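Participant: So you can see what is in the structure, the chains are spelled out below.
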Amino acid sequence: MAAMNMNLYSRGDKLFAIAVAVLIGLFTAATFYPFIYIAAVSFSSGFAAAAGKVVLTPVEFTMDAYKYILTDSDFWRSYLNTFIYTVGGTLVSLLIIIPAAYALSRPQLIGRRFWNLFAAFTLWFNAGLIPFFLNMRDLNLLDSYFGIIIAFAVNAFNLILLRNFFESLPQSFEEAARMDGANDFQILWKVYVPLSKPAIATITLFCIVSRWNGFFWAMVLLQSQEKIPLQVYLRHTLVTLSDDQEFTATLSSQPYSAESVTAAIIVCSIIPVLIIYPFIQKYFEKGILMGGVKE
Amino acid sequence: MINDPKKRHAVSDAPRKRSFKQKLSWFVDHVKNEWQIYLMLAPAIIWFIVFLYKPMYGLQIAFKDYSIFRGVAASPWVGWEHFQTLFGNDQFIRAFWNTIKISALNLLFGFPAPIILALMFNEIINATYKRFAQTIVYLPHFISSVIIAGIVTTAFSPTAGIVNTILEWFGYDSIYFLTKPEWFRPIFVGTGIWQEAGFGSIVFLAAIAGVNPSLYESAVVDGASRWQMMWKITLPCILPTILIMLIIRIGNIMEVSFEMIILLYQPATYVTADVVNTWVYRQGLQNGQYDVAAAAGLFNAVVAFVLVMVANTLSRRYMRTSLW
Amino acid sequence: MSSVKLENGVKLEKVVKCYGKLEVVHGIDLDVAEKEFVVLVGPSGCGKSTTLRMIAGLEDITDGTISIHDRVVSRVAPKDRDVAMVFQNYALYPHLKVFENIAFGLRIRKEPKDKIQSTVEEVSEILGLTPYLDRRPAELSGGQRQRVAMGRAIVRHPKVFLFDEPLSNLDAKLRTQMRAEIKQLHKRLGATSVYVTHDQVEAMTLADRIVVMNDGFIEQIGTPMELFVNPANTFVASFIGSPPMNQFPAIVKAISETSMQAMVNNTAFNLPDNPGVNDGQKVIIGIRPEHLTLTSAANAASIPITLNLVEPLGSEALLHAAIEEHPVIIKTETHGNIDHLNDVSTVYAPAELVSVFDADTGLALTGHRTT
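Protein chains in written order, with the numbering used here: chain H, 1 to 295; chain U, 1 to 324; chain C, 1 to 371.
None of these hints come from the bench; they were simulated from the model.
Be careful, since some hints might not be right.
[What the hints assert, rightly or not] The list that follows gives simulated cross-link-like pairs (lysine-lysine, DSS-like), each with its CA atoms no further than 27 Å apart:
{"hint": "1", "chain 1": "U", "residue 1": "Lys32", "chain 2": "C", "residue 2": "Lys187"}
{"hint": "2", "chain 1": "U", "residue 1": "Lys23", "chain 2": "C", "residue 2": "Lys331"}
{"hint": "3", "chain 1": "C", "residue 1": "Lys21", "chain 2": "C", "residue 2": "Lys173"}
[As the list claims (entries may be wrong)] For each label pair, taking beta carbons as the anchor points, the in silico distance ranges come out as:
{"hint": "4", "chain 1": "H", "residue 1": "Lys197", "chain 2": "U", "residue 2": "Val50", "range": "26 to 32 Å"}
{"hint": "5", "chain 1": "U", "residue 1": "Ala127", "chain 2": "C", "residue 2": "Asp82", "range": "26 to 32 Å"}
{"hint": "6", "chain 1": "H", "residue 1": "Leu123", "chain 2": "C", "residue 2": "Glu34", "range": "40 to 46 Å"}
{"hint": "7", "chain 1": "C", "residue 1": "Ala180", "chain 2": "U", "residue 2": "Trp26", "range": "40 to 46 Å"}
{"hint": "8", "chain 1": "U", "residue 1": "Thr85", "chain 2": "H", "residue 2": "Trp124", "range": "50 to 56 Å"}
{"hint": "9", "chain 1": "H", "residue 1": "Ile84", "chain 2": "U", "residue 2": "Pro186", "range": "23 to 29 Å"}
{"hint": "10", "chain 1": "U", "residue 1": "Arg94", "chain 2": "H", "residue 2": "Leu123", "range": "26 to 32 Å"}
[As the list claims (entries may be wrong)] A short list of chain C residues far from chain U (calculated; beta carbon distances all over 10 Å):
{"hint": "11", "residue": "Ala77"}
{"hint": "12", "residue": "Asn169"}
{"hint": "13", "residue": "Ala191"}
{"hint": "14", "residue": "Glu290"}
{"hint": "15", "residue": "Thr306"}
{"hint": "16", "residue": "Leu318"}
{"hint": "17", "residue": "Ser345"}
Keep in mind that this is a model prediction, so the values were computed, not measured.
Every residue, glycine too, gets a C-beta built ideally from N, C-alpha and C.
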């Protein structure tokens, strides 16, 4: 039961409630502070950033770090690539997962238990990094857009989540549609998909987030620099900047430094997420409830 | 009602066993009428086979002397040789123990964090404040590991980072945190909590919402405090959820979000930071020693699998809660 | 009357249904004539819904054949059987408006737009749904949703209508109202209908013929009055009629050449002429609560009872009593006053209304002329 009206609280309860509110406040502030910090660094001069003078607000305000980043064509290229991987990947995922989840939810499917186990098993055991990599190489999918899009398209968790949702819809919808003459594709597209908007929205969200933030395999599988997504670009830049002499700011005349440029890149990468974030809040909360712990 | 009648109206004497011909014709009708759902299922199954099951076939190189030129089938068997190499390799042994130690820390601090957070959120009275705090606290989950690592690296930077700035205010010398092995684990676990505790609390909040309100109401009448109710009602009622999440967590022990480790570690901190999967990454993907690395990966997966099985069985036997 | 067979309609021959090793429908035969309204009735688990779904094609038939209008459809997909079904929970598509719900089947079959429009409007007119065509199911009452479900079925002009307990989800008052509407609809449309319910009152009021099922068997098929007056066995006797027929174990005693009595312990019941039983035979006799009449002790054929409880229902009252140790219920008119009922100590059972059943098999041994 959530907390009640404070008027009915005893003294001990009131102290407890205040303590909790303070602790939550501290944790919330601690969670948010790093973002404010990094934003402040990004708008600070190179010298101030490098010298560690930035605490909460920009010191020696300047947009130079951003100018450096936003004029880098590689940055924009990687942004575009991320869009390609995200949109392409999510579409392919939905195209494969939605019909499969529907099929798995139908009682008339022969070997249903087997197929479900077939999918669920992949959540518990996977062959590991090396076999996956070698497999991609054998399939000639290294260093390709298609490879990144297709090789991470299906995730048994999302499949099972959607399957459970389909199963929760009364069988009589399918039966009525069948009596009305619809075939399975029509039943899925005209009846089940419209009724499953929340669940589909949730897995779409999971797909988008995972694609947008995807780093490791993009780094391993892609060699051509023009195909790398944003996160890999970020990583490369962060690493090279901190080693690069050009960015070590020793003179106060330096407009930007490794730290401020790093911060600027980070801010640019976070912005899309921050923009979408308020809209998706209700979806992922519901989504957790749905996928929850049922596997 | 006395005595159901034995004789029935219109019962057939036909034998019930279906002939093979009947079963075959049923099957043919089934395919004729239902082929569409098999078509719907096919792409997913094919995908699983091509991308997740086929690598399992390739896993056999853990037992072979693998060479790219010969391919999997033609490479000769070497039995357990690679595993012997592994267990004789100091670095691997170290990586294994690091995996265990870091996971233990994660279990000790990282696992309770979302639970405590959920319990605290449950005690917040002002709905707006609660909503606001939740919004902020869920956010880091949606930020990529690269960005999180970038922020952490900047914040702990020896010359530029805020942490050292504050240390210097208090008169301490600055520390190059991310090169110091003894600092790696705390920073790593703390980063994990920052990124995942908030989002992770959603599951527990849902479980708390499912607790029967009358339990609380009768406790209130009996004079219990919120603190007591939290321990005596809330926690016991969400115990099944906690156990399930724990089992899932244990299944992930060997994973240890190695992506984040790669982003935060460096050779100087390998001593405490290197885990099995990062070792596999370097040996396999960077140095090309595919077979030994595959053996290490297999070892990893098997240990994880066994752990989940054991955890699930124990939980089912003693707590009557299990994942399956 | 039930032996007259009309061609067409629905025909079940030796239909069997097994779930794995478990046989739930044991080879039933049924002939539904064209335009007939047949009700399958029985307790939960008797197989009536399963049978209906087999006619619909939603369940496979393990053995036997089903024909619709002389065409064998046992292996045909539901959409090609030309049947329509009204589901217990209506199964209306929540995301579609009423118009689209009704039109769904027509759209699937790619009927021309104007034909869809006119057909749906016509059907809505019949069902009184025209003002609701733009609403979604969530905005409708239970009775309205029920009508939409029927509209969806009617609009396809099927050969057979199937109803799967459509009134179970409605409250009692609505149920009575909808019952009458369904009956009127059937009169108007004249379509072959198979209707499943567990409520024997619905069965009695709606059916041309009733099929009583129990445990996967058909107990009896007949018109409502046939079942009421001449139940084929004790199961049907206690299923049809409310309150159910009183039944007592008895032993036959011959009084003379033609007249016999049944002795329930030491109480004598007069049996009808030519009962078809022998002296000393063990039987079960039955008499309906409404057939027991109040009488004075002076009547030679009176049966003594011990009265336990009087339940007033308004114009009628139920007397809960016992004959020797056997519980008995008597239904009698009150004429506005129940005081005199408290003194009732004897009842009279007219011989011609007493049913006799075999004690072992429960089968009826006497037949009554249908009045």
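Participant: Kindly confirm whether 26 to 32 Å is satisfied by the beta carbon distance between Ala127 (chain U) and Asp82 (chain C).
Facilitator: The hinted range 26 to 32 Å is violated for Ala127 (chain U) and Asp82 (chain C), with Cβ atoms some 57 Å apart.
Participant: Mind checking the hinted window 50 to 56 Å against the Cβ distance between Thr85 (chain U) and Trp124 (chain H)?
Facilitator: 27 Å, violated
Participant: Grab the minimum beta-carbon distance between Ser345 (chain C) and chain U and tell me whether it stays above 10 Å.
Facilitator: Its Cβ never comes within 10 Å of chain U, the nearest being 26 Å, so this holds.
Participant: Verify this label for me: Glu290 (chain C) is non-interface relative to chain U, using a Cβ-Cβ cutoff of 10 Å.
Facilitator: 20 Å, holds
Participant: Holds or violated: Lys23 (chain U) with Lys331 (chain C), Cα cutoff 27 Å?
Facilitator: At roughly 55 Å apart (the allowed maximum being 27 Å), Lys331 (chain C) and Lys23 (chain U) break the hint.
Participant: Range hint 26 to 32 Å: satisfied by the CB atoms of Arg94 (chain U) and Leu123 (chain H)?
Facilitator: 29 Å, holds
Participant: Against the range 40 to 46 Å, how does the distance between the Cβ atoms of Ala180 (chain C) and Trp26 (chain U) compare: consistent or not?
Facilitator: 42 Å, holds
Participant: Would Thr306 (chain C) pass as off the interface with chain U, using Cβ distances and a cut of 10 Å?
Facilitator: Given that every Cβ of chain U is farther than 10 Å from that of Thr306 (chain C), nearest at about 21 Å, it holds.
Participant: CA of Lys21 (chain C) to CA of Lys173 (chain C), is that 27 Å or under?
Facilitator: Measuring from Cα to Cα gives roughly 42 Å; hence the hint is violated.
Participant: Would you say the C-beta atoms of Leu123 (chain H) and Glu34 (chain C) sit inside 40 to 46 Å of each other?
Facilitator: Violated - the Cβ-Cβ distance for Leu123 (chain H) and Glu34 (chain C), about 56 Å, lies outside 40 to 46 Å.
Participant: Holds or violated: the 26 to 32 Å window for the beta-carbon distance between Lys197 (chain H) and Val50 (chain U)?
Facilitator: Between Lys197 (chain H) and Val50 (chain U), where Cβ atoms are some 30 Å apart, the hint holds.
Participant: Would the least Cβ to Cβ distance between Leu318 (chain C) and chain U come out above 10 Å?
Facilitator: Leu318 (chain C) is indeed farther than 10 Å from all Cβ atoms of chain U, at 19 Å.
In this structure, the hints that do not hold are numbers 1, 2, 3, 5, 6, 8, 9, 11, in rising order.
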